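Undergrad: Given next are the chains, with one letter for each unit.
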Amino acid sequence: MKAPAFVPHLRSIGAGKRAARLVFLSMPLALLWLAGCQLPRVVKESAPSPSSPSVGAGLTEDWGGAAGSPVKATPDPNTPGLQRFSHEQHVTENELECAVCHEIGESGRPKMPDHEVCSGCHDINETEPSADCLTCHVLSQQQVQDEAFADIAVRRVPEQGEFQFNHSSFAGEPGVCANCHKQAPGSLVATDNLRGDHGSLFPALREKGFDTKNCTTCHVSMGKNTPPPSHSNPGFLQHHGAEYRTMGSSYCMTCQVEKQCQTCHEQTQPTSHLRPEWTRSHGKMGQVDEEKCQMCHNEQSCKICHSSQMPQDHTNFFRRRSHGNIAAINRDRCLVCHKQDYCQACHIGAAPLMTPQPFHVAGAACLACHSPASAVRPLRRHGPLPQASCLNCHRFQ
Amino acid sequence: MFGRRSETGWFAFFLRCAAVMAMAVVGLPSVAEGQVLPSPRQKNLHGFVNTVYRSRWLDNESDRDLYQYWDVEVEELVPGSARGAFSLRLNSDLDGRVSSAPGRGNYVFDRDPFYSVDDARNDIEYADLYTGYVDLYNGSPDGGFLRLGRQYLDEFDWIHADAAKLELPVTSWATLKGFFGQAVSFYSGHTDDWTGGVGLEIKPSYKNRWWLEYHRYEDDIADNDSYALETWQSPWDGAWFHARFRGLDDDARDLSVNMSQYFAPWDLTLFLDYNRLFTRLEDESRQDSPFYRTALLYQRPNDYYAIRFDKALPYNLGLSGGLGVQRVSENDQDYGNRDYEHGDVTLSFYPFPNWYYSLSGEWWNADPDNSFFGYSGEIGYRPNKCIDWAIGSSYGQYVFRYEDETYGGLFRESPFVKTYYTSLRWKIDEQNQLRVNLDFEDDDLDNDYYTLRLTWGKYF
Numbered sequence: 001m002k003a004p005a006f007v008p009h010l011r012s013i014g015a016g017k018r019a020a021r022l023v024f025l026s027m028p029l030a031l032l033w034l035a036g037c038q039l040p041r042v043v044k045e046s047a048p049s050p051s052s053p054s055v056g057a058g059l060t061e062d063w064g065g066a067a068g069s070p071v072k073a074t075p076d077p078n079t080p081g082l083q084r085f086s087h088e089q090h091v092t093e094n095e096l097e098c099a100v101c102h103e104i105g106e107s108g109r110p111k112m113p114d115h116e117v118c119s120g121c122h123d124i125n126e127t128e129p130s131a132d133c134l135t136c137h138v139l140s141q142q143q144v145q146d147e148a149f150a151d152i153a154v155r156r157v158p159e160q161g162e163f164q165f166n167h168s169s170f171a172g173e174p175g176v177c178a179n180c181h182k183q184a185p186g187s188l189v190a191t192d193n194l195r196g197d198h199g200s201l202f203p204a205l206r207e208k209g210f211d212t213k214n215c216t217t218c219h220v221s222m223g224k225n226t227p228p229p230s231h232s233n234p235g236f237l238q239h240h241g242a243e244y245r246t247m248g249s250s251y252c253m254t255c256q257v258e259k260q261c262q263t264c265h266e267q268t269q270p271t272s273h274l275r276p277e278w279t280r281s282h283g284k285m286g287q288v289d290e291e292k293c294q295m296c297h298n299e300q301s302c303k304i305c306h307s308s309q310m311p312q313d314h315t316n317f318f319r320r321r322s323h324g325n326i327a328a329i330n331r332d333r334c335l336v337c338h339k340q341d342y343c344q345a346c347h348i349g350a351a352p353l354m355t356p357q358p359f360h361v362a363g364a365a366c367l368a369c370h371s372p373a374s375a376v377r378p379l380r381r382h383g384p385l386p387q388a389s390c391l392n393c394h395r396f397q
Numbered sequence: 001m002f003g004r005r006s007e008t009g010w011f012a013f014f015l016r017c018a019a020v021m022a023m024a025v026v027g028l029p030s031v032a033e034g035q036v037l038p039s040p041r042q043k044n045l046h047g048f049v050n051t052v053y054r055s056r057w058l059d060n061e062s063d064r065d066l067y068q069y070w071d072v073e074v075e076e077l078v079p080g081s082a083r084g085a086f087s088l089r090l091n092s093d094l095d096g097r098v099s100s101a102p103g104r105g106n107y108v109f110d111r112d113p114f115y116s117v118d119d120a121r122n123d124i125e126y127a128d129l130y131t132g133y134v135d136l137y138n139g140s141p142d143g144g145f146l147r148l149g150r151q152y153l154d155e156f157d158w159i160h161a162d163a164a165k166l167e168l169p170v171t172s173w174a175t176l177k178g179f180f181g182q183a184v185s186f187y188s189g190h191t192d193d194w195t196g197g198v199g200l201e202i203k204p205s206y207k208n209r210w211w212l213e214y215h216r217y218e219d220d221i222a223d224n225d226s227y228a229l230e231t232w233q234s235p236w237d238g239a240w241f242h243a244r245f246r247g248l249d250d251d252a253r254d255l256s257v258n259m260s261q262y263f264a265p266w267d268l269t270l271f272l273d274y275n276r277l278f279t280r281l282e283d284e285s286r287q288d289s290p291f292y293r294t295a296l297l298y299q300r301p302n303d304y305y306a307i308r309f310d311k312a313l314p315y316n317l318g319l320s321g322g323l324g325v326q327r328v329s330e331n332d333q334d335y336g337n338r339d340y341e342h343g344d345v346t347l348s349f350y351p352f353p354n355w356y357y358s359l360s361g362e363w364w365n366a367d368p369d370n371s372f373f374g375y376s377g378e379i380g381y382r383p384n385k386c387i388d389w390a391i392g393s394s395y396g397q398y399v400f401r402y403e404d405e406t407y408g409g410l411f412r413e414s415p416f417v418k419t420y421y422t423s424l425r426w427k428i429d430e431q432n433q434l435r436v437n438l439d440f441e442d443d444d445l446d447n448d449y450y451t452l453r454l455t456w457g458k459y460f
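Line order of the protein sequences matches chains A and B. Following the working numbering, the numbering of the first sequence begins with 1 at its first residue and continues without gaps. Following the working numbering, the numbering of the second sequence begins with 1 at its first residue and continues without gaps.
Since the hints were made in silico from the structure, they are not lab data. There could be a bad hint or two in this list.
Unchecked claim - Below, in silico cross-link-like pairs of lysine-lysine (DSSO-like), each with a Cα-Cα straight-line distance of 30 Å or less:
#, chain 1, residue 1, chain 2, residue 2
1, B, K43, B, K427
2, B, K43, A, K303
3, A, K208, A, K182
4, B, K427, A, K292
5, A, K208, B, K418
6, B, K427, B, K385
7, A, K292, B, K458
8, B, K385, A, K111
9, B, K458, A, K208
10, A, K292, A, K303
11, B, K385, A, K339
12, B, K311, A, K292
13, A, K303, B, K427
14, B, K418, A, K284
15, B, K43, A, K111
16, A, K303, B, K177
17, A, K284, A, K339
18, A, K182, B, K203
19, A, K182, B, K418
20, A, K339, B, K177
21, A, K339, B, K458
22, B, K458, A, K303
23, B, K177, A, K292
24, A, K182, B, K427
25, B, K427, A, K284
26, A, K182, B, K43
27, B, K203, B, K177
28, A, K182, B, K458
29, B, K177, A, K182
30, B, K385, A, K284
31, B, K43, A, K213
32, B, K385, B, K311
33, A, K303, B, K385
34, A, K182, A, K213
35, A, K292, B, K418
Quick caveat: nothing in here was measured; it's all calculated off a predicted structure.
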């Protein structure tokens, strides 16, 4: 019994063994790369390539989440135009309550602090901008060199945007904000995109009695009959399947129900499915991206046809004469449906046809030519010869 | 319970009862027009039963069989703890045609013109159990499960086994899998054959997936260790990349690389494939185990290259096809070790919304002097989504060469095969479907051969 051999012998030579060694030596590197670079967060936060502008981009913009992650990544605090603000220092280290800066106004909307609020602790001179302003405001390197402090543009959050959630129910509850605004306590920027995702928002909202099925609880212009603006993006119809897979089904299901998918997809097949050659090519497509098929189909969908419907070319001639030749040169095709034991079931006792020689007739002395010691091909790999006639297995053409 | 052959009276009774039961179910109220059915996963019990009647004629002989395919899944066998599934085929010889051909494991088709591995004959009924298993879990199978019973281990070379398999998510992006059991060959367990293995699936996103595995197979001829590293990647929009490297014992076994890219501006999909077999697969390798014994198809190292395309053209035309080449390191012109080239092309045309036409050509050239050239045409009519009718014909010119090594004689035959066929699919409602296939075949070696298949699919 041989020992398990994950690593080929180092003495091995030849292309095959070298390849084996290369692959398995590189496996730890691959795993390291996976662990370091390919964790879900990084993959999902990557910006869509220019060639795929619509995949996830619209949703990211309009739903306040990066593609694949409902929570938008915190921007780099050194980005020109942004305002640096260490929530960590103020909230975590100095234990300031959120409401000190973000007082909840009459409309139920938390205010964004202005200079007046900051002046409570910091000296601010609006009339003579100086390098002190760079404590919060970020300018480009060129602007800093030019001391163009007057270029500082104060970015204010509009009073009325797409969101309209009434925070009054949470007023006066210390520490409750971070239940939804999970990124806020550690954020280093002053930005308005520290909102939570639906997954973290909904439980807290439901606890307070909000109707999370009603989109207008938070969104000004969104509802069952008013889809997010992303749904109007060019190419959304073509790419929404990819977005569904990227964002995760539960994200779409915030508004949609499975029935809505079916309403279209049970009536409207992808155009590729309508081509006559689809019957032949869908296996290849399935091999490439099996999960794409599984968005609509399950394993049973394949079996419904493939368990009882043979390929068109499995004719009588194929069954009796040609399948061996086809299998010999393209056995991978056979293995789609059959295991190797399928061949064995017949051919374990199979024998090649006799060639149409004049001496291949009944009563011929077979072993006169085909002795086990001869170099005749059929006997090279022949097992123990039967005691009875060769004609038990071999037949004339 | 289900062996290779169950020649019992109760089974015939069960088979026919099952057919009647399925017929009765069709009488139940069907789904109203426009009503959307719940998806299979929303139903606790779902599956299908395909009942196939097949009749064949050649000269004055005929053969009539009945087959029934069952595929059933129960999502909650025990709520929160277990689910189950089974699939099987019931075989019944209707005409009681007694054939001199023995059963499976014997090569005798010349004694029975209708012989095939799956043919029911000699007035017997029997069952082939493909799968039958239960999954045990705590709360939800998404958190991991233990599968017990007959199953296909698709991750591990599609091993068919009576086994226990554990799937255990270790993180949100990694799942550990392991199995141990007895291999199944032709629906019966192989006594004294054991197989087991472990694998790790890493799936950070649907565009990025890795699979590492090791499994061992022990039988009475040889023990084999197999290992594999496989990945699926979608590096950019429309592109897919797949690669698999497998080892066998101390050797590299094979490498497979597949790529595809969809070019939106041209509505063109390109596929590129490369396969390399590094080692010989024959005696003492897994290829020659009882489970995989194919001595007649032993393989020598080879390279295979292929390119395929799928292109939409103006004027409601579509074109698809491809080329493939195999080069064997030691082309000994033996049965399974020959250089070959292959090409195929299909042109489809949709002049009207409900009609389509297609023309196909296929060509093989295997060294030396074995070839195939075929062409076919099909006309299809789809008046609505419930009816699909097709009629077509195909013509194939084969060239086979037989060689006698002792005397150097070369024998060659080139049969021409014509096939005419028609098929009708009628989706009665969301739960019932009928399919009729009629084939007529004429070749240079046999007389006219007819096949009729009536299939009734019942989905629940």
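Undergrad: All the hints need checking, so say for each whether the structure fits it.
TA: Evaluated hints:
1. B:K43 / B:K427: holds, 21 Å
2. B:K43 / A:K303: holds, 18 Å
3. A:K208 / A:K182: holds, 18 Å
4. B:K427 / A:K292: holds, 25 Å
5. A:K208 / B:K418: Measuring from Cα to Cα gives roughly 75 Å; hence the hint is violated.
6. B:K427 / B:K385: Holds, at roughly 8 Å.
7. A:K292 / B:K458: holds, 26 Å
8. B:K385 / A:K111: Not satisfied, since the Cα-Cα distance of roughly 57 Å exceeds 30 Å.
9. B:K458 / A:K208: violated, 49 Å
10. A:K292 / A:K303: holds, 17 Å
11. B:K385 / A:K339: Violated: B:K385 and A:K339 sit about 34 Å apart, past 30 Å.
12. B:K311 / A:K292: Distance ~20 Å between B:K311 and A:K292 Cα, so the pair holds.
13. A:K303 / B:K427: holds, 17 Å
14. B:K418 / A:K284: Distance ~27 Å between B:K418 and A:K284 Cα, so the pair holds.
15. B:K43 / A:K111: Distance ~49 Å between B:K43 and A:K111 Cα, so the pair is violated.
16. A:K303 / B:K177: holds, 24 Å
17. A:K284 / A:K339: Between A:K284 and A:K339 the Cα gap is close to 19 Å, so the pair holds against 30 Å.
18. A:K182 / B:K203: holds, 26 Å
19. A:K182 / B:K418: violated, 70 Å
20. A:K339 / B:K177: holds, 22 Å
21. A:K339 / B:K458: holds, 27 Å
22. B:K458 / A:K303: holds, 13 Å
23. B:K177 / A:K292: Since the Cα atoms of B:K177 and A:K292 sit roughly 23 Å apart, the hinted pair holds (cutoff 30 Å).
24. A:K182 / B:K427: Outside the cut-off at roughly 52 Å; violated.
25. B:K427 / A:K284: The given pair, whose Cα atoms are some 26 Å apart, holds under the 30 Å limit.
26. A:K182 / B:K43: violated, 37 Å
27. B:K203 / B:K177: holds, 13 Å
28. A:K182 / B:K458: Answer violated: A:K182 to B:K458 is near 51 Å, above 30 Å.
29. B:K177 / A:K182: Violated. B:K177 to A:K182 sits at ~34 Å, over the 30 Å cutoff.
30. B:K385 / A:K284: holds, 24 Å
31. B:K43 / A:K213: holds, 25 Å
32. B:K385 / B:K311: holds, 24 Å
33. A:K303 / B:K385: Measuring from Cα to Cα gives roughly 20 Å; hence the hint holds.
34. A:K182 / A:K213: Holds - the C-alpha atoms of A:K213 and A:K182 are around 22 Å apart, at most 30 Å.
35. A:K292 / B:K418: violated, 37 Å
Of the numbered hints listed earlier, those contradicted by the structure are 5, 8, 9, 11, 15, 19, 24, 26, 28, 29, 35.
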